[in-house]
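A.B. asks: Please build the complete structure, drawing on both the sequences and the hints.
Residue strings, one per chain:
There are 2 protein chains.
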Amino acid sequence: MLLQASIDWNLCVHVLDPDADAPCRHLCTQFTVGSLTDYDTVYRFGRAVDVLTIEIERVNVDALEALEREGKRVYPQPSVIRTIQDKRLQKQFYRAHNLPTADFILTDNRADVAQVAADFFPAFHKLGRDGYDGRGVQRIRSVADAEKAFDAPGVLEQAVDFEKELAVIVARNERGEVQTFPTVEMVFHPEHNLVEYLFAPADISPTVEQRAQEIARQTADAFGIVGLLAVELFLDKQGNVLINEVAPRPHNSGHHTIRANVTSQFEQHWRAILNLPLGNTSAYQPAAMVNLLGEDGHTGPAVYEGLDTLLALSGVFPFLYGKAITKPFRKMGHVTVMDTDLERLREKVAQVKAGIRVIT
Amino acid sequence: MLLQASIDWNLCVHVLDPDADAPCRHLCTQFTVGSLTDYDTVYRFGRAVDVLTIEIERVNVDALEALEREGKRVYPQPSVIRTIQDKRLQKQFYRAHNLPTADFILTDNRADVAQVAADFFPAFHKLGRDGYDGRGVQRIRSVADAEKAFDAPGVLEQAVDFEKELAVIVARNERGEVQTFPTVEMVFHPEHNLVEYLFAPADISPTVEQRAQEIARQTADAFGIVGLLAVELFLDKQGNVLINEVAPRPHNSGHHTIRANVTSQFEQHWRAILNLPLGNTSAYQPAAMVNLLGEDGHTGPAVYEGLDTLLALSGVFPFLYGKAITKPFRKMGHVTVMDTDLERLREKVAQVKAGIRVIT
Chain F
1 MLLQASIDWN LCVHVLDPDA DAPCRHLCTQ FTVGSLTDYD TVYRFGRAVD VLTIEIERVN
61 VDALEALERE GKRVYPQPSV IRTIQDKRLQ KQFYRAHNLP TADFILTDNR ADVAQVAADF
121 FPAFHKLGRD GYDGRGVQRI RSVADAEKAF DAPGVLEQAV DFEKELAVIV ARNERGEVQT
181 FPTVEMVFHP EHNLVEYLFA PADISPTVEQ RAQEIARQTA DAFGIVGLLA VELFLDKQGN
241 VLINEVAPRP HNSGHHTIRA NVTSQFEQHW RAILNLPLGN TSAYQPAAMV NLLGEDGHTG
301 PAVYEGLDTL LALSGVFPFL YGKAITKPFR KMGHVTVMDT DLERLREKVA QVKAGIRVIT
Chain P
1 MLLQASIDWN LCVHVLDPDA DAPCRHLCTQ FTVGSLTDYD TVYRFGRAVD VLTIEIERVN
61 VDALEALERE GKRVYPQPSV IRTIQDKRLQ KQFYRAHNLP TADFILTDNR ADVAQVAADF
121 FPAFHKLGRD GYDGRGVQRI RSVADAEKAF DAPGVLEQAV DFEKELAVIV ARNERGEVQT
181 FPTVEMVFHP EHNLVEYLFA PADISPTVEQ RAQEIARQTA DAFGIVGLLA VELFLDKQGN
241 VLINEVAPRP HNSGHHTIRA NVTSQFEQHW RAILNLPLGN TSAYQPAAMV NLLGEDGHTG
301 PAVYEGLDTL LALSGVFPFL YGKAITKPFR KMGHVTVMDT DLERLREKVA QVKAGIRVIT
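From first to last, the protein sequence lines are chains F and P. Read in order, the letters of the first sequence are residues 1 to 360 in UniProt numbering. Read in order, the letters of the second sequence are residues 1 to 360 in UniProt numbering.
These aren't lab readings, by the way, just hints derived from the structure by calculation. Even for Gly, the Cβ is constructed at its ideal location relative to N, Cα and C. Accuracy of the hints is not assured; some may be wrong.
[What the hints assert, rightly or not] Partial pick of chain F residues on the chain P-facing surface, computed with a CB cut under 10 Å:
hint, residue
1, I7
2, W9
3, Q30
4, F162
5, N275
6, L278
7, N280
8, G322
9, R344
C.D. replies: Have a look at this one:
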């Protein structure tokens with residue numbers, strides 16, 4: 001989708017991807033197969049481009065730092081990626097910058113978790129590094145559950161009794177201009193810790209909206225990031241807004257902006273890292289986004305059942321990611337749904353969720 | 001732009017283009033360099049795909065017909081392309097189907113034009129074949145001007161004293177569903193017969209709007225086309241709507257639909273030729289489109305002057321086509337401008353026209 005947005009301005013984009021069959025291989029000026037975590041691979045790749053960006057945080061930051069030292073424009077900056085790719089550093093960063101987040105304790109191993117006072121629980125134990133989309137997170141209900149904790153450096157976060165999960169995508173360019181997208185509301189799959197669907201704008205009070213937007217701006221400024229920052233937030237039962245975690249890149253919570261907003265998150269990322277003026281983020285219509293997850297029990301070449309019926313609905317836009325193989329709960333695409341009327345929007349979301357399946 | 005739209009659904013697209021440096025070469029699954037007018041090249045290319053479509057009418061129709069006979073889905077159908085690529089056949093088609101168009105006389109050579117009765121003029125002499133973007137058209141004010149006529153088979157069309165030039169893009173799919181886009185108003189460059197800018201919707205009465213839409217539908221049905229048909233129309237001083245000419249493909253008069261309409265003309269073309277339900281064509285906001293033409297006096301590697309300033313305006317979307325070399329009046333891109341307020345829309349169009357230049 002980032003490449004798709006780059007076509008408007010005829011940008012010359014080189015892609016480094018470990019998968020020789022990556023769906024983007026036919027959509028860029030140059031495609032290189034290689035490991036994102038290998039120093040030499042990332043360094044050599046970065047030498048050949050004018051501006052370097054990322055779409056996943058698990059990347060060799062040492063190589064990015066070397067390139068930055070040599071004067072290469074690397075956005076988001078390696079220091080930002082380094083902080084974000086380690087959940088321990090990320091949480092300490094919030095604390096150091098007085099950014100609101102759930103209370104936490106750093107742990108070096110499983111035994112540390114068992115030592116924590118009983119009244120700290122329920123909590124989540126998160127691996128410091130290499131967690132992604134629900135992997136590397138373990139719910140610990142009470143100290144008796146401590147055996148479930150990871151036996152590796154991690155962070156124990158107090159569970160937030162939340163009302164809603166929100167997200168704000170914020171962009172910041174080289175000249176320090178900051179622009180936020182309207183706050184969205186995410187509904188997670190009960191078991192798989194993946195965004196199941198999303199509504200934009202979030203159904204929240206103006207006070208909460210203002211607070212969420214303010215926190216997103218403050219977080220982007222604290223990082224001094226150049227590029228996009230997706231700020232995932234909890235709205236707790238007391239009306240407090242707390243940062244859950246952030247991602248320094250285009251994010252699932254902004255996919256609806258391709259159709260629903262004046263500027264999409266992808267175009268905004270290009271604007272930010274190329275030091276262009278940031279675009280207007282306002283929405284044309286309320287929107288929802290439904291993730292297309294691989295159906296449980298189906299592993300193999302993907303078939304999208306029900307697509308024809310969906311395409312007959314007005315304001316329903318499927319996006320298929322071109323992954324050849326579907327697996328249970330794998331993100332295979334998403335559907336953006338738009339309507340001026342919120343009731344009809346909800347009805348269409350229900351139709352989409354009931355009408356399409358990714359099977360084999 | 002057709003490829004860009006194909007990415008949403010992860011379509012596998014092979015492209016045949018005579019230019020080895022065509023901007024689309026990095027944006028498709030497979031890129032083949034070859035002549036579109038060579039029988040063998042087109043035939044071999046077509047054998048390898050499931051559905052074959054075109055983006056320019058000057059293509060070897062014999063090869064397309066051979067493929068169609070073998071059962072290949074070729075959309076638009078070769079018979080439609082054959083009729084449209086010859087202006088003589090095109091005009092006869094309108095007459096045979098009672099579709100309104102300016103009066104005309106078929107001519108075999110220059111001498112035929114000189115024989116025409118004096119009261120038929122002013123008129124335009126058009127080459128039967130191979131005219132494009134103003135080439136192959138000659139204004140003949142009076143019979144005394146007949147020496148300017150082409151000495152080749154052509155058609156002499158009575159000049160229409162028009163109020164406005166309009167266009168309607170219409171789509172028709174295999175199952176015969178027909179869907180039109182709202183009528184737009186085109187303003188041509190006074191000298192170069194290229195669309196200079198366009199407003200959507202057209203500033204016309206509901207009666208004229210209805211008539212334009214009706215003619216577009218009737219024309220699509222008369223051709224039985226599968227795919228997009230751009231119908232260019234004259235609104236004459238008496239309020240009559242007449243067909244000027246048609247193009248069986250995505251068209252310059254529909255470029256604004258990428259941003260301004262629920263379904264873009266490009267997505268609609270895919271829907272039509274893949275026999276999917278046609279999409280909603282309504283607009284989110286009024287829009288204008290400004291063609292970015294190469295500045296007079298500049299030939300060489302293209303530089304887009306003023307882009308940064310344009311990007312600071314809200315609802316202004318430049319599209320650069322990636323052609324390496326600019327030439328005077330070459331189409332180098334376009335800018336879509338949107339606003340809910342028509343006065344502000346016109347102001348922004350003026351800013352765009354004054355603010356950007358394609359130079360060397």
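A.B. asks: Indicate, hint by hint, whether the structure satisfies it.
C.D. replies: Status of the hints after comparison with the structure:
1. I7: With Cβ-Cβ at 5 Å, under 10 Å, it holds.
2. W9: Where the cut-off is 10 Å and the nearest Cβ of chain P is about 5 Å from F/W9, the hint holds.
3. Q30: Since the shortest Cβ distance to chain P is 8 Å, the answer is holds.
4. F162: Interface hint status for F/F162: violated (33 Å vs cutoff 10 Å).
5. N275: Interface hint status for F/N275: holds (9 Å vs cutoff 10 Å).
6. L278: Cβ of F/L278 sits 9 Å from chain P, so the hint holds.
7. N280: Holds - the Cβ of F/N280 comes within 10 Å of chain P, reaching about 4 Å at its closest.
8. G322: Constraint on F/G322 satisfied, holds at 4 Å.
9. R344: Hint violated; F/R344 Cβ to chain P Cβ min 13 Å, cut 10 Å.
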